[in-house]
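If you count the sequence shown from 1, position 97 lands on 97 in the UniProt record's numbering, and the numbers rise without skipping.
The reader is advised that the hints may include incorrect statements.
As the list claims (entries may be wrong) - Here are the simulated DSS-like pairs of lysine-lysine, each with C-alpha atoms no more than 27 angstroms apart in a straight line:
1) Lys107 with Lys83
2) Lys229 with Lys281
3) Lys100 with Lys69
4) Lys204 with Lys229
5) Lys89 with Lys113
6) Lys72 with Lys83
7) Lys83 with Lys113
8) Lys100 with Lys83
9) Lys100 with Lys115
10) Lys203 with Lys229
11) Lys83 with Lys115
12) Lys72 with Lys89
What the hints assert, rightly or not - The following label-pair restraints were derived from C-beta to C-beta distances:
13) Gly108 with Ala148: 44 to 50 angstroms
14) Asn227 with Ile206: 28 to 34 angstroms
15) Gly266 with Ala177: 29 to 35 angstroms
For the record, the hints were derived by calculation from the structure and aren't laboratory data.
Yeah, the Cβ is synthetic: ideal placement off N, Cα and C, and Gly gets one too.
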Amino acid sequence: MSLASGSQSPLSQASQAQSDSLPVSGSPQPDSDNDSVPIDIDNDVIEVDDDEDGVEAGSKRKLTSVVWKEFKRVRFNGEVRAKCMYCFKQLSATSTNGTKHLHTHLKGCVQRKIKLNGKTLAQASLRFGKSDAGTVSVENYTFDQEIARRELGAMIVLHEYPLSMVDHIGFQRFIGALQPLFRIGTRNTIRSDIMAHYEVERKKAIEYMAGIQSRVAITSDLWTSDNQKRGYMAITAHFIDESWTLRNIIMRFIYVPTPHTAEVIGEELYESLVEWNLDEKIS
Numbered sequence: 001m002s003l004a005s006g007s008q009s010p011l012s013q014a015s016q017a018q019s020d021s022l023p024v025s026g027s028p029q030p031d032s033d034n035d036s037v038p039i040d041i042d043n044d045v046i047e048v049d050d051d052e053d054g055v056e057a058g059s060k061r062k063l064t065s066v067v068w069k070e071f072k073r074v075r076f077n078g079e080v081r082a083k084c085m086y087c088f089k090q091l092s093a094t095s096t097n098g099t100k101h102l103h104t105h106l107k108g109c110v111q112r113k114i115k116l117n118g119k120t121l122a123q124a125s126l127r128f129g130k131s132d133a134g135t136v137s138v139e140n141y142t143f144d145q146e147i148a149r150r151e152l153g154a155m156i157v158l159h160e161y162p163l164s165m166v167d168h169i170g171f172q173r174f175i176g177a178l179q180p181l182f183r184i185g186t187r188n189t190i191r192s193d194i195m196a197h198y199e200v201e202r203k204k205a206i207e208y209m210a211g212i213q214s215r216v217a218i219t220s221d222l223w224t225s226d227n228q229k230r231g232y233m234a235i236t237a238h239f240i241d242e243s244w245t246l247r248n249i250i251m252r253f254i255y256v257p258t259p260h261t262a263e264v265i266g267e268e269l270y271e272s273l274v275e276w277n278l279d280e281k282i283s
């Protein structure tokens with residue numbers, strides 16, 4: 001059966017109607033004013049100048065809220081949206097919704113927290129903690145290079161490991177598997193970390209000893225190293241603290257040159273007492 005010129009068959013009309021009802025690819029529609037909209041095509045987003053009129057007709061209100069320091073107004077599909085400068089999420093920017101939902105987003109924005117803390121995304125992870133009651137909790141954890149180096153130095157001192165352990169291939173492979181972000185450093189680096197930590201703790205101990213009211217007793221131990229054939233002396237202070245508990249602090253561990261006479265040992269002891277301001281507190 002022939003059709004008049006310019007007319008369409010029912011099949012063609014149905015196909016055209018179905019085609020018109022399909023969504024256009026690359027143009028997602030917002031579900032609601034407060035829902036975020038993922039943007040796949042940047043060409044569809046147009047930045048809105050701060051001096052431009054408000055979203056609603058006749059509105060010329062300035063953006064006075066502090067949230068606009070961390071959001072940028074953009075126009076998408078004819079609607080003005082608020083785009084987070086950290087995670088690029090888009091939220092409603094209409095005046096009827098206010099800015100409370102924008103404040104809420106900033107409080108929970110992970111990318112914002114990472115940016116403000118000066119950490120990279122690769123450093124953010126989760127840590128599982130176990131309480132005394134046996135319950136397990138999950139909390140945010142951020143790897144810190146300085147803390148890890150300090151704990152490595154403390155471990156070496158506590159267990160009297162050699163500084164050369166940081167050069168051992170097995171140790172380096174273990175650390176690489178445990179935390180790839182950790183830069184171990186050389187034995188000289190670890191030595192510097194240990195000595196810096198020692199100086200901090202020594203100053204704290206001297207300040208603490210200056211405030212005690214009790215008298216102080218001093219003991220010393222002297223011995224000769226088998227390998228180096230050199231003499232060393234440990235000087236320990238003993239005292240009663242405010243709670244009437246017997247305490248002791250190793251004041252110095254020093255090399256004592258030969259000969260190990262009473263005069264040489266006495267001079268080292270007196271120098272230590274003066275350094276710690278204990279020369280007038282000896283019992």
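Against the structure, the hints come out as follows:
1. Restraint check: the Cα-Cα separation between Lys107 and Lys83 comes to about 15 angstroms, which is no more than 27 angstroms; the hinted pair holds.
2. Under the criterion of a C-alpha separation no larger than 27 angstroms, the hint pairing Lys229 with Lys281 is inconsistent with the structure, at around 34 angstroms.
3. Only pairs whose Cα atoms come within 27 angstroms are accepted, and Lys100 paired with Lys69 is accepted, the gap being roughly 15 angstroms.
4. Only pairs whose Cα atoms come within 27 angstroms are accepted, and Lys204 paired with Lys229 is rejected, the gap being roughly 33 angstroms.
5. Distance restraint check for Lys89 and Lys113: the Cα-Cα separation of roughly 15 angstroms lies within the 27 angstroms cut-off, and the hinted pair is therefore satisfied.
6. Between Lys72 and Lys83 the CA atoms are separated by roughly 5 angstroms; this keeps the pair inside 27 angstroms, and the hint holds.
7. Using a Cα cut-off of 27 angstroms, the hinted pair Lys83 and Lys113 holds, with the two alpha carbons roughly 17 angstroms apart.
8. Straight-line distance between C-alpha atoms of Lys100 and Lys83 comes to about 15 angstroms, which keeps the hinted pair within the 27 angstroms bound.
9. Between the alpha carbons of Lys100 and Lys115 the distance comes to roughly 22 angstroms, so the proposed pair stays at or under 27 angstroms and holds.
10. For the suggested pair Lys203 and Lys229, the alpha carbons sit about 31 angstroms apart, so the restraint of at most 27 angstroms is broken.
11. For a cut-off of 27 angstroms, the pair hint linking Lys83 to Lys115 stands: about 16 angstroms separates their Cα positions.
12. For the hint pairing Lys72 with Lys89, the CA-to-CA distance comes to about 10 angstroms; that is within 27 angstroms, so the pair holds.
13. Judged by the Cβ atoms, the range 44 to 50 angstroms given for Gly108 and Ala148 is violated: they are separated by roughly 28 angstroms.
14. Checked against the hint of 28 to 34 angstroms, the pair Asn227 and Ile206 passes, with Cβ atoms roughly 32 angstroms apart.
15. Taken as a hint, the range 29 to 35 angstroms is violated for the pair Gly266 and Ala177, whose Cβ atoms sit roughly 53 angstroms apart.
The structure shown violates the earlier hints numbered 2, 4, 10, 13, 15.
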